[in-house]
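Participant: Sequence:
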Amino acid sequence: MGRFFGAEAAEGRNPVFVRFFLSDAQNQADALRAALDEHFGSLLPGLAVSLVEQPPLDGSRIAALVQTSSDRKEVLFHSLRLTEEEAAGRDSYAQSRLLFDKYLDIIRPLGLDLKTHCVRTWIYVRDIDSNYAGLVRARNDVFAEEGLSHDTHYIASTGIGGATEGRHAVVAIDFLTRPGIRESDKTYLKALSHLSPTHDYGVAFERGVRLSDGRIFISGTASIDCRGNVLHEGDVIAQADRLLENVSELLREGGSSLDKIPYFLIYLRDISDFALVDKYMRGRFPNVPRIILEARVCRPAWLIEMECEI
1 MGRFFGAEAA EGRNPVFVRF FLSDAQNQAD ALRAALDEHF GSLLPGLAVS LVEQPPLDGS
61 RIAALVQTSS DRKEVLFHSL RLTEEEAAGR DSYAQSRLLF DKYLDIIRPL GLDLKTHCVR
121 TWIYVRDIDS NYAGLVRARN DVFAEEGLSH DTHYIASTGI GGATEGRHAV VAIDFLTRPG
181 IRESDKTYLK ALSHLSPTHD YGVAFERGVR LSDGRIFISG TASIDCRGNV LHEGDVIAQA
241 DRLLENVSEL LREGGSSLDK IPYFLIYLRD ISDFALVDKY MRGRFPNVPR IILEARVCRP
301 AWLIEMECEI
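No gaps in the numbering here: position 57 of the sequence shown is 57 in my numbering, and each next residue is one more.
Check each hint, because a few of them may be wrong.
Taking CB as the label site, the calculated pair distances span [what the hints assert, rightly or not]:
(1) Arg61 - Thr152: 41 to 51 Å
(2) Glu74 - Asp101: 33 to 43 Å
(3) Leu104 - Arg61: 29 to 39 Å
(4) Asp58 - Gln26: 20 to 30 Å
In silico DSSO-like links for lysine-lysine, alpha-carbon gap of 30 Å or less [what the hints assert, rightly or not]:
(5) Lys260 - Lys115
(6) Lys279 - Lys260
(7) Lys115 - Lys102
(8) Lys186 - Lys260
(9) Lys115 - Lys190
(10) Lys186 - Lys102
(11) Lys260 - Lys190
(12) Lys186 - Lys115
In short, the hints are calculated from the structure, not lab data. Glycine is no exception: its CB is placed at the ideal position from the N, C-alpha and C atoms.
Produce the complete structure using the sequences and hints provided.
Facilitator: Below you can see the structure in the form of structure tokens.
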């Protein structure tokens, strides 16, 4: 990682945040933080770091995704987690509300708001099959209070299975904020020929967003059709084909294409699908880096989900 940071610095880019994916957060998180502080603390003061338990399926203990920028001030990244005391006794609804409140308490004194300045979230839900509904209700309520709706817009997001080292925490959220952005700088990507509006099935996120500087964020995308139906149940490769078709249509709407994607982040429900999916992606995108993680998608019938940005 040190060599990467050095090469980026030589090109005038510095890290804004790092997302670490751990195979065992309770045994690895503290040691990783200590190593980062020892080796990079003086070089990278204030570097935002996200740690989440989503085991890399290539056999690694830890995988990392680094975002760099020539202007660190143009992006804020907040990785918000609950302490054991905060999480204890609270269900997924209450924990989600508390995390959104923490974020609002950070950005409001800066003159920022959720509706305008938050451009991307990643929401990690422990035991997502049981706890996702509470997160959905909490996000819907917060968004309604903050003026976000299907008549205005939501926020690009991935809601996915994941855990932190907090034993009582069932929700964790990462927020990406652009302080200088205006609403006119954002174009929301729908791909309605391929994908249903998310509010049709009660959830509140945008499929993707294109910013005026050309940056495109594609939310976690699965094998779904324009009526909200899961396609190709039980066939992970057919699902991968369809979700990439959906991503392609979103990118086309944003003026880009699959061949511009610099990396893929891939979530698999079943670890036994790793070899099939890895071979498929290697064959179709041989020169595009990918991280494949064990993480359950929000509907049990979805075997695979991907996200990307350009």
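Participant: Just tell me: holds or violated, for the beta carbon distance of Arg61 and Thr152 against 41 to 51 Å?
Facilitator: With a Cβ separation near 42 Å, Arg61 and Thr152 satisfy 41 to 51 Å, so the hint holds.
Participant: Straight-line Cα separation of Lys186 and Lys115 no greater than 30 Å?
Facilitator: 11 Å, holds
Participant: Hint check: Lys115 vs Lys190, CA-CA at most 30 Å. Holds or violated?
Facilitator: Measuring from Cα to Cα gives roughly 18 Å; hence the hint holds.
Participant: Does the Cβ pair Leu104, Arg61 satisfy 29 to 39 Å?
Facilitator: Holds, since Leu104 and Arg61 (Cβ atoms, about 35 Å apart) stay within the stated range.
Participant: I want to verify a distance hint. Is the separation of the beta carbons of Glu74 and Asp101 within 33 to 43 Å?
Facilitator: Distance hint for Glu74, Asp101 is violated at roughly 25 Å.
Participant: Given the hint that Lys186 pairs with Lys102, test it: the Cα-Cα distance must not exceed 30 Å.
Facilitator: 25 Å, holds
Participant: Between the alpha carbons of Lys260 and Lys190, is the straight-line distance 30 Å or under?
Facilitator: 19 Å, holds
Participant: Is it true that the C-beta distance of Asp58 to Gln26 lies inside 20 to 30 Å, as the hint says?
Facilitator: 21 Å, holds
Participant: Compare the distance between the alpha carbons of Lys260 and Lys115 with 30 Å, and conclude whether the hinted pair is satisfied.
Facilitator: 28 Å, holds
Participant: Hinted pair, alpha-carbon criterion (30 Å max): Lys186, Lys260. Please report holds or violated.
Facilitator: The hint holds at about 20 Å.
Participant: Hint check: Lys115 vs Lys102, CA-CA at most 30 Å. Holds or violated?
Facilitator: 15 Å, holds
Participant: For a C-alpha distance cap of 30 Å, please report whether Lys279 and Lys260 respect it.
Facilitator: 20 Å, holds
Consistency note: the structure conflicts with earlier hint 2 alone.
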